[in-house]
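Undergrad: Letter by letter, the chains look like this.
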Amino acid sequence: MKKQRQSRIIAALATLLVLSGCSSINIEPWVKPYERDRLADPIMFLDMDPVSSAYIYHVYEAREGARGGEGTAGGGCGCN
Amino acid sequence: MKHMVRIVSFALAALLTGQSAFSSVLPEDRADFLYHRYEGGGVTIDGPSILVRKSVGKSLSLSGNYYVDMVSSASIDVITTASPYTEERTQYSVGADYLRGNTTLSASFTNSEESDFDASTYRLSVSQDMFGSLSTLTMSYSFGDDTVRRTDDPTFFRDNIRQHYGIGLTQIISRNMIAALNVEVITDEGFLNNPYRSIRFLDLSRTVGYSFEPELYPRSRTTNAVGIKTKYYLPYRAAIEAQYRYFVDTWNIESHTGSLSYIHPWRDFTFTGKFRYHDQTGAHFFRDLFSRSEATNFRGRDKELSPLRSKSLKFSAAYEFISNGTGFLDKGSVTLSLDHLIVDYKEFRDISTGAPVGTEPFYHLDANVYQIFFSFWY
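As given, the protein sequences belong to chains U and C, one line each in that order. For the first sequence, numbering that gives the first Met the number 0 assigns the number 0 to the initial residue and increments by one for each residue that follows. For the second sequence, numbering that gives the first Met the number 0 assigns the number 0 to the initial residue and increments by one for each residue that follows.
These are computed hints drawn from the structure, not numbers from a lab. Careful: at least some of the hints might be erroneous.
Said to hold, decoys possible - Partner residues are not named here, just some residues of chain C that face chain U (Cβ under 10 Å, in silico):
#  : residue
1  : I49
2  : T85
3  : E87
4  : T89
5  : V93
6  : M129
7  : L133
8  : I185
9  : K228
10 : T256
11 : A282
12 : L307
13 : L340
14 : V368
15 : F372
Unchecked claim - With a cut-off of at most 20 Å between alpha-carbon atoms, the simulated SDA-like pairs for lysine to any residue come out as follows:
#  : chain 1 : residue 1 : chain 2 : residue 2
16 : C       : K313      : U       : I42
17 : C       : K330      : U       : K31
18 : C       : K313      : U       : S52
19 : U       : K31       : C       : I172
20 : U       : K31       : C       : S173
21 : C       : K273      : U       : K31
22 : C       : K313      : C       : K330
To be verified - Pairwise CB distance ranges (calculated):
#  : chain 1 : residue 1 : chain 2 : residue 2 : range
23 : U       : A39       : C       : L337      : 58 to 64 Å
24 : U       : A39       : C       : Y209      : 56 to 62 Å
25 : C       : R157      : U       : E27       : 16 to 22 Å
26 : U       : E27       : C       : F270      : 22 to 28 Å
27 : U       : A39       : C       : S114      : 24 to 30 Å
28 : U       : A39       : C       : Y243      : 24 to 30 Å
29 : U       : E27       : C       : Y245      : 30 to 36 Å
30 : C       : W265      : U       : A39       : 16 to 22 Å
31 : C       : R157      : U       : A39       : 45 to 51 Å
32 : C       : N296      : U       : E27       : 30 to 36 Å
33 : C       : T79       : U       : A39       : 36 to 42 Å
We put the CB at the ideal spot given by N, CA and C, even for glycine.
Produce the complete structure using the sequences and hints provided.
TA: Listed below in structure tokens is the structure:
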């Protein structure tokens, strides 16, 4: 029981450390905004046509036993 | 059909919460008018899907979707255990995305109704742009509440609760490459089988050698999926996309899914070709033929729960008929798309052939999925 509590505290501290690290770490972008012209091309969008991809994933999932994990996480380019 | 409703509710909820390809900006103002048609295995499903998205000021984007499935079914399940039927399902969704700094907060609501099934889905997500927009982390949660009924029994009334947890990371790898990782956990609790579908069991007292009884599924299911997708820009302005997903659930279904796409623009056209492959094991309670009535605690004969292998080939062509803006429109395009789907079931047998019980050939499905849609950016 004591070990379990210690593990939880360590996990919580580690999470806090990671989260606080994210806000303070200043990683220099290795792909500068002005170098993202190719990523800004619509052919590079991870979801080029959301209305169509949502429909076709729905068809796949209705015909198979698996679901999830094929969508797009969102964001990522910062090309604006 | 009920399974499809659950899936499309989640898919459209995700669609409406603005998963933009660009971080720290709101999704594009865009309207899509889609006609979809699925034909295969004696089933035809068609209808429209209209998705409209519009920004209000610089921080808020609103969206709405209207989706209809008109179903005409004489599938292998239906012709062997019931009568062909037609039905219609209508679904409405609304969503909002609020952008503040590098954070996007999204919420959506979806409602689906048909004669014997209602589904409501509420979804929240938050996306955080990090490291100079190289990385975007998205976390999402959905809650779904379904009601299952039977058209032939007004007293039949069952509930389902669905919860969906997702986390995704989109990462710029280089100036030519982007990748996304998605982890999704979905839990269902309640009445999960189709109220009409039956299993078959060996019954030598009958001429055909078998009889039917209702399915009985476990009352809970948890599914886990991890997917990775990457896209690479080729030197001559074309793109190649690779995707892989690993899936495992508490019903013992395990699957591997992979796909490869090639996108090639030419003048005002954009052509896309895609090959997708999926292989899965079956649910632990799936049998094509049970040894006797009530042979196991849980019993299912849904062909999608059988071990199976599916392959699909897609071809689409988009034509941009407005490129430089006209009136209030910035851009307009029309897209034609065809997916050909082949599914080989490894344990589900085609009992419509009338072969001796247990020796029927395994079922095979060929289906075509047609889409035509007009898209406008403004």
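Undergrad: If a hint holds in the structure, say so; if it does not, say that too.
TA: Now for the hints, and whether the structure bears them out:
With a least beta-carbon distance of about 8 Å to chain U, the hint placing I49(C) at the interface is held under the 10 Å criterion. Contact between T85(C) and chain U, as hinted, is not supported at the beta carbon level, the nearest pair being about 18 Å apart and thus beyond 10 Å. At its closest, the beta carbon of E87(C) sits 16 Å from a beta carbon of chain U; the interface hint therefore is violated under the 10 Å criterion. Given the 10 Å rule on beta carbons, the hint for T89(C) is violated: about 15 Å separates it from the nearest Cβ of chain U.
Using the Cβ-Cβ criterion of 10 Å, the hint placing V93(C) at the interface with chain U is not satisfied: the shortest such distance is roughly 15 Å. Hint on M129(C) holds. Least Cβ distance to chain U is approximately 6 Å, under the 10 Å limit. Below 10 Å, beta-carbon pairs count as interface contacts, and L133(C) has one with chain U at about 5 Å; its hint therefore holds. Look at I185(C): its Cβ gets to within about 6 Å of chain U, closer than 10 Å, so that hint holds up.
For the restraint placing K228(C) at the interface with chain U, the shortest Cβ-Cβ distance is roughly 6 Å, inside the 10 Å limit, so the hint holds. Checking T256(C) against chain U: minimum C-beta separation of about 7 Å stays under 10 Å; hint holds. Interface hint at A282(C): satisfied, since its Cβ lies 7 Å from the closest Cβ of chain U, which is below the 10 Å cut-off. Look at L307(C): its Cβ gets to within about 7 Å of chain U, closer than 10 Å, so that hint holds up.
Interface restraint check: L340(C) against chain U, minimum CB-CB distance 7 Å, threshold 10 Å, status holds. With 10 Å as the threshold, the beta carbon of V368(C) comes within range of chain U, its nearest partner Cβ sitting at about 6 Å, so the hint holds. For F372(C), the suggested interface contact is upheld, since its CB lies about 6 Å from the closest CB of chain U, less than 10 Å. Between K313(C) and I42(U), the direct Cα distance comes to roughly 16 Å. Compliance with the 20 Å bound is thereby established for this hinted pair.
Under the criterion of a C-alpha separation no larger than 20 Å, the hint pairing K330(C) with K31(U) is inconsistent with the structure, at around 28 Å. Distance check on the hinted pair: K313(C) and S52(U) sit about 12 Å apart at the alpha-carbon level, within 20 Å; holds. Between K31(U) and I172(C) the CA atoms are separated by roughly 12 Å; this keeps the pair inside 20 Å, and the hint holds. For the suggested pair K31(U) and S173(C), the alpha carbons sit about 10 Å apart, so the restraint of at most 20 Å is met.
Between K273(C) and K31(U) the alpha-carbon distance is near 31 Å, which puts this suggested pair outside the 20 Å criterion. At roughly 25 Å between alpha-carbon atoms, K313(C) and K330(C) are farther apart than 20 Å, so this suggested pair is violated. Take A39(U) and L337(C): their Cβ atoms lie about 29 Å apart, and the range 58 to 64 Å is violated. The given range of 56 to 62 Å is respected by A39(U) and Y209(C), whose C-beta atoms sit roughly 60 Å from each other.
At roughly 56 Å, the beta-carbon separation of R157(C) and E27(U) lies outside the given 16 to 22 Å, and the hint is violated. Checking the proposed 22 to 28 Å range against E27(U) and F270(C) shows it is violated: the Cβ atoms sit about 38 Å from each other. Judged by the Cβ atoms, the range 24 to 30 Å given for A39(U) and S114(C) is violated: they are separated by roughly 46 Å. Restraint check, A39(U) to Y243(C): a C-beta distance of roughly 25 Å satisfies the suggested window 24 to 30 Å.
Evaluation of the 30 to 36 Å hint for E27(U) and Y245(C) yields a pass: the beta carbon distance comes to about 33 Å. A hinted range of 16 to 22 Å for the beta carbons of W265(C) and A39(U) is consistent with their spacing of about 20 Å. For the hinted restraint 45 to 51 Å between R157(C) and A39(U), the CB-CB distance of approximately 49 Å keeps it satisfied. In this structure the supplied range 30 to 36 Å is violated for N296(C) paired with E27(U), their Cβ-Cβ distance being about 59 Å.
Between T79(C) and A39(U) the beta carbons are some 53 Å apart, a value that contradicts the proposed interval 36 to 42 Å.
The earlier numbered hints that this structure contradicts are 2, 3, 4, 5, 17, 21, 22, 23, 25, 26, 27, 32 and 33.
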